[in-house]
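Colleague: Chain residues, written in single-letter form:
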Amino acid sequence: MAAFVVRRLSSMALVLFTVSVLVFAVFNVIPNGDPAVRMAGQAPSDFEIQAIRQEWGFDEPVWVQYATMMRKLATGDVVSYFTQANVVDEIVRGAPHTFSLAIGAALIWFAVGVVLGLVSAVRAGRASDRLITVLAVIGVSVPGFWVGALANHYLGFRLGIFPNGGYVPLTENPLRWAYHLVLPWLTLALLLTGVYARVLRTHLLDTLSASHVQAARAKGITGRQVLLRHVLRNSLIPVVTLWGLDFGVVVGGGAILIEAVFDLEGVGQYAAQAIGDLDVPPVLAVTLFGAFFIVVVNALVDIAYAWLDPRVRPR
Amino acid sequence: MALRRLRRDRAALMSGLLLLLLVAACLAAPLWARHVARTTPVANHITDTVILDGERRDVVSLDGIPIGPTWSGRFFLGADGNGRDVMVRLLYGGRNSLLIGFGAALATVLCALVLGLVAGYFGGLLDAVIARGLDVLWSFPAILLGVALGVALALGGLELGPVTIEGGSLLIPVLVLSVIGIPYLARPIRGQVLALREQEFVDAARLQGQSALSIMRAELLPHLTSTVIVFLPLVVGNAILLEAALSFLGAGVQPPQSSWGNMIGEGVQLVTSAPHLAIVPGLMLVLTVISLNVLADAVRDALDARLNLRLEH
Numbered sequence: 003m004a005a006f007v008v009r010r011l012s013s014m015a016l017v018l019f020t021v022s023v024l025v026f027a028v029f030n031v032i033p034n035g036d037p038a039v040r041m042a043g044q045a046p047s048d049f050e051i052q053a054i055r056q057e058w059g060f061d062e063p064v065w066v067q068y069a070t071m072m073r074k075l076a077t078g079d080v081v082s083y084f085t086q087a088n089v090v091d092e093i094v095r096g097a098p099h100t101f102s103l104a105i106g107a108a109l110i111w112f113a114v115g116v117v118l119g120l121v122s123a124v125r126a127g128r129a130s131d132r133l134i135t136v137l138a139v140i141g142v143s144v145p146g147f148w149v150g151a152l153a154n155h156y157l158g159f160r161l162g163i164f165p166n167g168g169y170v171p172l173t174e175n176p177l178r179w180a181y182h183l184v185l186p187w188l189t190l191a192l193l194l195t196g197v198y199a200r201v202l203r204t205h206l207l208d209t210l211s212a213s214h215v216q217a218a219r220a221k222g223i224t225g226r227q228v229l230l231r232h233v234l235r236n237s238l239i240p241v242v243t244l245w246g247l248d249f250g251v252v253v254g255g256g257a258i259l260i261e262a263v264f265d266l267e268g269v270g271q272y273a274a275q276a277i278g279d280l281d282v283p284p285v286l287a288v289t290l291f292g293a294f295f296i297v298v299v300n301a302l303v304d305i306a307y308a309w310l311d312p313r314v315r316p317r
Numbered sequence: 164m165a166l167r168r169l170r171r172d173r174a175a176l177m178s179g180l181l182l183l184l185l186v187a188a189c190l191a192a193p194l195w196a197r198h199v200a201r202t203t204p205v206a207n208h209i210t211d212t213v214i215l216d217g218e219r220r221d222v223v224s225l226d227g228i229p230i231g232p233t234w235s236g237r238f239f240l241g242a243d244g245n246g247r248d249v250m251v252r253l254l255y256g257g258r259n260s261l262l263i264g265f266g267a268a269l270a271t272v273l274c275a276l277v278l279g280l281v282a283g284y285f286g287g288l289l290d291a292v293i294a295r296g297l298d299v300l301w302s303f304p305a306i307l308l309g310v311a312l313g314v315a316l317a318l319g320g321l322e323l324g325p326v327t328i329e330g331g332s333l334l335i336p337v338l339v340l341s342v343i344g345i346p347y348l349a350r351p352i353r354g355q356v357l358a359l360r361e362q363e364f365v366d367a368a369r370l371q372g373q374s375a376l377s378i379m380r381a382e383l384l385p386h387l388t389s390t391v392i393v394f395l396p397l398v399v400g401n402a403i404l405l406e407a408a409l410s411f412l413g414a415g416v417q418p419p420q421s422s423w424g425n426m427i428g429e430g431v432q433l434v435t436s437a438p439h440l441a442i443v444p445g446l447m448l449v450l451t452v453i454s455l456n457v458l459a460d461a462v463r464d465a466l467d468a469r470l471n472l473r474l475e476h
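Chains as they are written, first to last, in the working numbering: chain A, 3 to 317; chain B, 164 to 476.
Some hints here could point you the wrong way.
Claimed, not checked - Just the calculated beta-carbon pair ranges, DEER-fashion:
{"#": "1", "chain 1": "B", "residue 1": "Gln-432", "chain 2": "A", "residue 2": "Ala-180", "range": "25 to 33 Å"}
{"#": "2", "chain 1": "B", "residue 1": "Cys-274", "chain 2": "A", "residue 2": "Phe-84", "range": "32 to 40 Å"}
{"#": "3", "chain 1": "B", "residue 1": "Gly-286", "chain 2": "A", "residue 2": "Thr-77", "range": "38 to 46 Å"}
{"#": "4", "chain 1": "A", "residue 1": "Val-66", "chain 2": "B", "residue 2": "Gly-287", "range": "54 to 62 Å"}
{"#": "5", "chain 1": "A", "residue 1": "Val-242", "chain 2": "B", "residue 2": "Arg-197", "range": "55 to 63 Å"}
{"#": "6", "chain 1": "A", "residue 1": "Ala-53", "chain 2": "B", "residue 2": "Arg-295", "range": "35 to 43 Å"}
{"#": "7", "chain 1": "B", "residue 1": "Gln-432", "chain 2": "A", "residue 2": "Phe-84", "range": "18 to 26 Å"}
{"#": "8", "chain 1": "B", "residue 1": "Cys-274", "chain 2": "A", "residue 2": "Phe-159", "range": "38 to 46 Å"}
{"#": "9", "chain 1": "B", "residue 1": "Ala-367", "chain 2": "A", "residue 2": "Val-117", "range": "33 to 41 Å"}
{"#": "10", "chain 1": "A", "residue 1": "Val-94", "chain 2": "B", "residue 2": "Gln-432", "range": "49 to 57 Å"}
{"#": "11", "chain 1": "B", "residue 1": "Gln-432", "chain 2": "A", "residue 2": "Asn-88", "range": "27 to 35 Å"}
{"#": "12", "chain 1": "A", "residue 1": "Ile-305", "chain 2": "B", "residue 2": "Ala-291", "range": "15 to 23 Å"}
{"#": "13", "chain 1": "B", "residue 1": "Leu-357", "chain 2": "A", "residue 2": "Leu-24", "range": "22 to 30 Å"}
What the hints assert, rightly or not - Not the full set, but computed from the structure, chain A residues with beta-carbon under 7 Å of chain B:
{"#": "14", "residue": "Ser-143"}
{"#": "15", "residue": "Gly-254"}
{"#": "16", "residue": "Ile-277"}
{"#": "17", "residue": "Thr-289"}
Read the hints as simulated data drawn from the structure, not as lab findings. For glycine and all other residues, C-beta sits at the position ideal for the given N, C-alpha and C.
Isolated chain B, as found in the complex (with noise of 0.2 Å):
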């Protein structure tokens, strides 16, 4: 038992160390970016040459097909149709991939907590009316209401009173992304206050005449905390696989910038001529995505939380 619980960890410990290994190599993006491939992740080089093996080749061939990996300085992993930097572009791309997947996470926490939290707690119609839209958003076929919203908000912008995103914005996917999510993690939160609130300990604090404010932050927050930790990294997860659903369909992050998911997007268009640009973006995805997932499961199994998540993609 002890042995099995020791190998877990052990999983765990090294998706955890993949994951801050794949966070750093993003991060060190503009050092690859500016010393190693000399270039960015937007400049074409489309009628660049480069010299491989002492030979000089077209990083784009006369008839369209980018150069594959170099495993050397400038395009290691090649380029793409418009010779572009591959490695440069997937560093920068993981950037906004996971830049998108923990803003939109931490967003439907916050959010699924609150409604989950006021829902719960009030109960009557307040409760009605928010399990009433968290029944809407959940009905709605997930990839289907993100990629209008996506299409939508890519196209327009957004303009909410002061504040105006505009269509490129990486705050769009943020957003949609968030939206969608907020169900999966508002019902089992509510849910789980409608229990709490039964207990004795709300009730003495409300005798104590403590505000709904306070009580719910300083008494119900604080037993909701395990389900949130069990559920961030998987939400995170979800958040940059659903990402490359909607850049896949052209909703999410727009080009010229780049992320995981329209990297895939690109390279799937092209996968007959040159496969290492759906490749190479696709194992980055599932790298992290599986590091994410088996920290989650090491997590539940270690604070023994029975919960049942279900998310799509």
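Just chain A, same shape as in the assembly (with noise of 0.2 Å):
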């Protein structure tokens, strides 16, 4: 098992490391990339651009700049290009929002995915049944922003329900901040609840003719038991995995036009800016905190799955 933890462990470190390297190589051989070029401003003189060259080191070969790169990052030093900002706080000042809007949308679609899953388990062939199929279809083939922008605009700018964008850091005013992210939320939800109802659906209704279930029926224990219990905390597993899987998702760059519809500037809308401007230090540091977490969530899930079902442990 120890080995199995180093071995998933050591490949994600290798998979991030790929990541830094593809993202400094896309914006390094890019024609009309260069940087010294566009931080001179207009109509530089080749003196500027030289010395703009030799100050941040883009003379030197690739593999040296990564590698300062890289060293700055690690160090929390690197700063932009173009404004100068220190990336990493600017990275911290960010996460807090990303966070507010992907766990606040997690727990909606979690909760209300469950309850309409089961429901339309229970009730197979109903009209519960169709709903969900229809929110899965819906929430697959809407564009989220879209959805968000329209939203935003009809019941925050017309109507006045909901406030028109922004945010509002939950440690001023709890109430405010969730005010302010109602409708992404919302929005965000309504991409996956259906989805999510969906799985827990299928898997609920195989496992309800599992024999183990079969024999709790039999043990006479009353069927609202006999699904809590035996049921739906089977059938929860595969759904939490892929709750796990998403969140990583939605956090790692997702939800980057959902907080640039609401004006969150969150991380992702941060990015969103700096590629752009063909700003190399914001997004390489924005992918690889994106890619963190998609890694890290899943090396959770394997390394979870191998510790409850040694049948999955390689070797």
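Assembly of the complex is requested from the two constituent chains, each provided in isolation within its own frame, with the hints serving as guidance.
Modeller: Structure below.
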């Protein structure tokens, strides 16, 4: 088991390393991407460009530049090419915004998804069944940023029921924090609730016909207890797994568009702006931040599985 | 049971019909542009006027608000901030969105098939390298990767030996989207090939002296067709959605060309003064992707394929 964990963690490090190299490479091989030229402003002289190149080390070999960048990133000294703002500070500032969005939305889509899945499994073939199918199809077919923008316009701007975007820190005013996040949460949750209900329903129906459930029934346990204790518990495992993975994806950049639409000023929105300017340090840092969450959650899920079920452990 | 299946089929039939209709409408874009709207998707009419209910009105008012839907002839669905005909842009944009969606999906499927077959069949070091590569792509935050690649390529274009792609080319979003999509498809295919490889008919083919290439083509590929058929509409739908997301962030189809994605993006900017600019292309996109997904659902039921595919957008 220990060997498995070590191997899983080392492959994680390898993946993160490759991601960082790739991002750095993409921005270094593009034509017209020379940061020195764009940092020098309008109509720069060759001398100015040369000076910037030397000051920032753009004249050194690419791998030296990469090593310098990663060292600075590790010590938290890395700054943006254009705003000179410290990148790590910016990410630390944006992270609570992104997490507030992701955690709230994840709780909503999980809770609603489980309830809907449970109801539709118990009453298979009825209206609730059709409802989750429709919800699931809508969830995977609708661009979240479009729904978000329209909701923000009509419910926020026109009717004034919700605030028109923006973020209030939790520590400042918990009520206003939640009030500002309700629409973003619901928008993000809309995309996934139906899928969760559907996955849970499939697993519930499978488990309902399993032998240990029939045994429990035969013992004379009431229907509700069988459902909650023997069926739901088992069927929740794959749903929780999925939930972990999706949470990683949302934190790791999946929420960029929602952040931008509702002007939440999270990490994703920061990255989107930086990419537009071809500002390498923030892009690299945020991509690593995002990839880190995705990879860590993946590893945790694998390790948890191996711990729960020895059959999965390779050798 | 039979009744339920029939209803399912009817939904599939209707969504298939809807999809055909949408494609046909987009194909007819030049007809509408030339004979009804009498303009082109990129022509500005910012200083023009149009007669509405016997009244002469500016296409774009003096304070910059474009005209809403006229429901007739010119500016059927209104104008955008530059005084361009939204209906015409919608149809031409649909061509681009559909082209990119289908193009990217086909490229994804082809690459994923090759990678999955090679990795799964040969195993060993080759498999380890490919599987690690897919892991890396998979761990990339999809939208970040897409936006980074899209912006970088749109700015500088791409020069790969003799091949040069201009910065504004539609091939760039196709390329970006197919790269993003590959791991989602290549991983399940590799898994399937790994399982198939152990079966007797593959051993038999090998003992007959068939080459690896012909085993992959003649023995393994046919087993993968149902996977591909089920995935294809899903991948198309997802590519269209992702194109919209990238265009919204300025990394997809580059102006002045239109796509549903960049029309939504422009519309969101002007949503307070002219909400039709965001609503109309969004509805077209949603209708298209819903019909693709319903179709995929029905196909999966029909083939009774138990597959798990997770796409993100």
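Colleague: Against each hint, give a clear statement of whether it holds in the structure.
Modeller: Taking the hints in turn, this is what the structure says about them:
1. B:Gln-432 - A:Ala-180: 25 to 33 Å: 28 Å, holds
2. B:Cys-274 - A:Phe-84: 32 to 40 Å: At 35 Å between Cβs, range holds.
3. B:Gly-286 - A:Thr-77: 38 to 46 Å: The hinted range 38 to 46 Å holds for B:Gly-286 and A:Thr-77, with Cβ atoms some 42 Å apart.
4. A:Val-66 - B:Gly-287: 54 to 62 Å: The hinted range 54 to 62 Å is violated for A:Val-66 and B:Gly-287, with Cβ atoms some 35 Å apart.
5. A:Val-242 - B:Arg-197: 55 to 63 Å: 57 Å, holds
6. A:Ala-53 - B:Arg-295: 35 to 43 Å: Once the Cβ atoms are compared, 41 Å apart, the range 35 to 43 Å for B:Arg-295 and A:Ala-53 holds.
7. B:Gln-432 - A:Phe-84: 18 to 26 Å: 23 Å, holds
8. B:Cys-274 - A:Phe-159: 38 to 46 Å: 43 Å, holds
9. B:Ala-367 - A:Val-117: 33 to 41 Å: About 51 Å separates the Cβ atoms of B:Ala-367 and A:Val-117, which means 33 to 41 Å is violated.
10. A:Val-94 - B:Gln-432: 49 to 57 Å: Between A:Val-94 and B:Gln-432, where Cβ atoms are some 30 Å apart, the hint is violated.
11. B:Gln-432 - A:Asn-88: 27 to 35 Å: 30 Å, holds
12. A:Ile-305 - B:Ala-291: 15 to 23 Å: Holds, at about 20 Å.
13. B:Leu-357 - A:Leu-24: 22 to 30 Å: Distance hint for B:Leu-357, A:Leu-24 holds at roughly 26 Å.
14. Ser-143: 4 Å, holds
15. Gly-254: A:Gly-254 check passes; min Cβ-Cβ to chain B is 4 Å, inside 7 Å.
16. Ile-277: 5 Å, holds
17. Thr-289: With a minimum Cβ separation of about 5 Å from chain B (threshold 7 Å), the hint on A:Thr-289 holds.
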